Amino acid sequence: MMQRYSAAALLRHGLNRHTTWRRAWRTPPLKDAYDVIVIGAGGHGLATAYHLARDHGITNVAVLERGWLGGGNIARNTVTIRSNYMRDASIAFYVKSVELYEGLTRDLNFNMMHSKRTMVDVVQTYPKLRELRRRQLTMDIYGSTYEQISVEELRRRIPALTGGGPEARLPVIAGMVHTDAGVNRHDAVAWGYARASDAMGVEIHQQTAVQHLVRGPDGRIEGVETNRGMIRAPKVAVAVSGHTTTLTETVGLNLPLRTMNLTAFVSEPVKPLVDVIVNCPDSGFYFSQSDKGEMVIGGAPDMGQSFRRDIKQHVFEDTVTAMLSLFPSFKQLKLLRQWGGHLDISHDASPIMDETDVPGLFITAGWWGGYKAIPAGGLTLAHLVATGRPHPLMEKFTLNRFRHLDYVMESGTTTAR
Amino acid sequence: MQGDRLPEGGRIDRARPLSFTFNGRALQGYDGDTLASALLANGIHLCARSFKYHRPRGIVGLGVEEPSALVELLGDDASGNRPATTIPLREGLVAQSVNCWPGPGFDLGAVTQLIGRFIPAGFYYKTFKWPNWHLFEPAIRRAAGLAAAPTEPPAKGHFENRYAHCDVLVAGAGPAGLQAALEAARAGRRVILADEGVEAGGGLLNRRLTISGAPALDWVAGVVAELEAMPNVTHLQNATVWAYREHNYLMVNERAPDHPGLLERNWRIRAGEVICATGAIERMLVFGNNDRPGVMLASAAQAYVNRFGVRPGKRAVVFTNNSSAYAVAADLISGGVEVAAIIDSRAQVSEAARALVPNVEILTGHVVTTTRGGRALKGVEVAPLAGGASRRIACDLLAQSGGWNPAVHLWSQSRGTLRYDETLATFLSDKPAQAVTCVGAANGEIALDDDSDDLPYAIEPLWRVEQARGKAFLDIQNDVTVDDVHLALREGYDTVEHVKRYTTGGMGIDQGKTGNINIIGTVALAQGAAPGEIGTTTFRAPYTPVSFGAIGGLREESVTFPYRHTPITEWNHARGAFMYEAGARWRRPGYFPQAGESFQESVNRECRAVRQIVGVYDGSPLGTFELKGRDVGKFLDHLYTNIMSTLSPGQVRYGMMLSDDGLILDDGVVLRLSEHRWIVSTSTGHADAIHAHMEEQRQTCFPDWNLFVTNVTSQWNNATICGPRARALMEALGADVDLAPDALPFMGFADGQVADLPARIVRVSFTGELSFEINVAPRHMRALWERIMEVGAAFDITPVGSEANHVLRVEKGFLSLGHEVDGTVDPFDLGMGWVMSKKKPDYLGKHAVALRRAGTRDRRELVGLRPEPDQMIPEGAPLTQGGDRKPTEGLVTACVFSVVHDAWVGLALLENGQARHGEIVHVRLTDRTIPARVTAPVHYDPKGERLRS
Amino acid sequence: MMNIPCPFCGARNESEFAYGGPVKPDRPDPNAVPDEDWTAYLTRVPNPLGPVQERWHHVRGCGTWLTIWRDTRTHDIVEGPSDAG
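If you read the protein sequences in the order shown, they are chains A, B and C.
Here the first sequence stands for residues 1 to 417, where the numbers follow our numbering.
Here the second sequence stands for residues 418 to 1366, where the numbers follow our numbering.
Here the third sequence stands for residues 1367 to 1451, where the numbers follow our numbering.
To be clear, the hints were calculated from the coordinates, so they are not data collected in a lab.
Bear in mind the structure is a predicted one, so any value in this text is a computation, not a measurement.
Mixed in with the good hints, there may be bad ones.
A few chain B residues that don't get close to chain A, going by computed Cβ distances all over 10 Å [stated by the list, open to error]: (1) Leu773; (2) Ile926; (3) Ala1145; (4) Thr1241; (5) Tyr1357.
Computed footprint of chain B on chain A; a stretch qualifies when at least three of its residues, placed anywhere within it, have a C-beta under 8 Å from a C-beta of chain B [to be verified]: (6) 1-12; (7) 18-29; (8) 110-121; (9) 126-138; (10) 326-338; (11) 401-407.
Built from N, CA and C at the ideal position, the CB exists for glycine as well.
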């Protein structure tokens, strides 16, 4: 039974000097077999375990984590949650994910601090405006909101946007407002899912590194070999963004994935200045101000495959320069901390969720900005693992598309380099 | 009145008093002060309120490690969240406390102290859930954030970047760094020495040591003088090495460089070798109310006396777990501070240490359990470590030393590993990952060597005082207490990263420089593990906060991303063209409005001119490449879907390039100039990408082929004359080639003279009209253009912008990359299957297109659209069955007003569209649907008679 | 900012180069291999946790497409396997 969190509980436990709070999750002994093993106690892995238990009654589940739970990309992202995509399949999926996120605080009895604070795109080129208006009309079919605003309105909503005037190289020409977008607290998402899954019987095993996957004589998945020994399960789900191929190579799979590094950085904390998520697609950066006051800024990916968790200086400088051209007052703001996360990007830059050629082995991978996909990613992967069939929201995102070269080209570019 | 300024001593210039303002009070300090030392000289300890509980906070440290005394500078150098210890005092400085209102003495936010018991670490995860976070968020946001956000860029001055290369970069100009720099420089190596302080000397500046019997600062002065005299040395002060990247690439932020108007300079240094002489940072001790103003790091108290001639208190207690605080006590006494007692948690203290403070009471095996006082320290409670009765000692200064942490931040950023050292009770550099070494205190050599009178360093770790009473802070910036860490552990947040995130310990502006190790120690104690098993959290750049202005430097967008111009740009401006960037950084005219004209009226007029008379546009930005060699033909056969090798000299052929994935890369025309010389022309937007693609194919796939690719985009400009009267205008211009349709047919070209200028005339058409593309060298372009205008006046010549070009190509159903081609369609979908050679067994994309077509159904195909009734359709609008809320079955790729039809015409990608001509489909907008009839994707001159005329 | 050795220009800053992707096996004859092999060739690249062979285009320099081995864990430019050709 999960200990309830509430203001009254805080008061009650406060009188006991907070010595009566129970562990948010157990550290149970490791068994040698489970019904399902989920590799990776990040957002997607924990959400999958949660939905396996809640929606499908599958609770004999082990989530294996080589480090600490919530320590992967969920620990190092910019917490932007939105559904302004271009293709039908993507929009439908992310609309679902945003909806699930909005209810997550209550579902998990853990305050995610979900702040539906709107994303505002600062548009600087006509082709981009055309593309975003294309998104707007398709998104409307799925109930996701997007609306064009004038430059005056844009500057009223973002007073710090003082650059990009008529004489600028890329003058600001319009804004697009996505009111469904929001931010929340990333650690809380990991911890909330972990706590709720644990309460339903799911076991989370940290410091349990999977060294390789194990196939049985019939070719099916049999389990995983870890630093704590062999663990068996008829179904194994891999949710280890960035390291997917490292694991799947151990059973001879060759997947259309590459590992790349995406960076983010934060400024010093300052008093509230910007109350929306600001996205500048033509300049290549976006940011929002956290409740703590830090500007949380994301920019361009690093070039080349990378398993590092830091950024190349010149890529970072390009992002900063772009930011200063639109927000010149940020010259006086200071960089406090920066980091990178490695994630895998698929050949067509869209996610992959499927059972692999090794029966019983499932992957969820290729999430580029996969934080916003966590709730629906967990929902749909649990469905796939439990039923063996892709969830309707993820039918387009199977491995099969690469057999027919029938890509899901979300970026709208003409190449899949 | 600097009441706590000592009568003499310190490295300040008493002849140069400086006036400054703090929280509205006019005060005075001296040149050489920091804001912190000047405040202390004026008897001001209280200068901030803490982040969460708004507790009164004073000055704790000396430099960048300062966790507490954050201020905001106003006026010209406005910036926030600055440690007062790092701000050199200057005349007229205006500073104020952050995070308190109305001021640090009476702070309304302090009401949170009253409910502190009910808001432990992570309390917000457990509450504020009902009805939703939005109810609480605005208040929380206002409460957070420390300093106000800057609203203006710096009033004067600018930032710059500078590249530098060196054999050896020495980070830190303390004793070890100076010694290392000197040795390298004497060996003739190119040395950069960078130090964050205002002057060299590091920790020696704060102490009264001797080296080889002489004052240590004499030694410093000697070394600095020798380095300054050497041409192979660059010596930077006020310069922080803040990032250590791959391939020994490091960033140095130099503040106040000696250059007028320059605010900060960011150095990008590629170093052959790096020496981290970054020193060590003293850590706090953890006991009750250890955050009270008047509680200070021992080394800081020492420095205020020695370096700044300031008395940080009248009566001090020293609390330590190591030997370094004894010299502090001695120096305090020399500065006129009474030292009431030294509280040492260790059982044994060396005779040498005792000898430094012969008349001071030393309580070994004792700890401070709590402090007394309100906004200022009044005394401490002291008790035996083993337990027992406590004793009260009055004091207004508590100098504490929890031992020393080597500053391994840069080392760790370089990916060097760390190990825990039991003897020094700290983390030390272990295995390097790049060409870097740690020296001196950064390498764990906390005390100077035998040549000095420094005491040997000895420490017994004291991660926290168990008998602490009151809040015992581990991170005084983020208000993280021992209880918070214990709560985190109790709730299962039991790795150091979880503890950090749950409690926010170490996540402040100081990034936990004085306190993180105590968190690690506290976790270790609770888990019965060694600190080495707990490990550290990750050290990341920057070492200290760096302004974004310095990172961006002078890189204004006009410098880093200049526009591409054609020689007609000025003419366009003079003509009043509406210009914008239209792909690949080309700034092009969208349209040429005449007085009183709307956008649509201008575009219509330009279109009408082309369709009815003659227009001209500047086609210079189109990518142009000259290919030479015996193997160009077969190379182009590999790159293009159709056969190019059979082209005869003098002919032009349209072609399409696919990626090997079968996605459309580009389209354009190919000219064969002679047997071995070809011109490939590409779209404007993809010219660079296609150039890279051709070179990649040539160099990596066909290195043996005889073939060269030269980008001649900027060697050729062109003016394209198009319209029914184009030939008449060409003749009026004067050309020495036969322009008759038989002599120079569509898809032909000829070299000759046009308007007495050497030119290549190419018969291609992007508008569907009779067109002559006149290619000339850029030096002739302006003359050609003006001649066309002059001669064309008789024809009512009309300059045409890219908007009208778009309309004209849509009328013709010519595809546009980015509109009709969005990464999902192949040539067959566009009705251009003819461009895919069946004869060639293989070329880029052939097999992929075949495979994709075999494996997919209901492909989206290019069609024309005629809205019924006539109206504009927004580009990008989806087509759904019946206009209902259903998955899309297509997309309107373009819709323009056709002057030919006097109606709106469009193009669309529609599922199975080629079989649906004549059908009515529905465009779904947010508020209505638009029925439209499906047509062939050519709205004008389907037989192409006009462009062939 | 890596320091990339260009065979013509020497070691130059990474910002002078454009990334050219990991080196794939030689392009098979699509008419001679099974479709699965062809799609695998098109869509799969090596993604090692460790040294990867990759191309860089000295686009703001001499224009050369060059090949290096780089460790994806560290960005160190390393010696390739001896049989790498």
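Taking the earlier hints as the rules, which of them does this structure contradict? 2, 4
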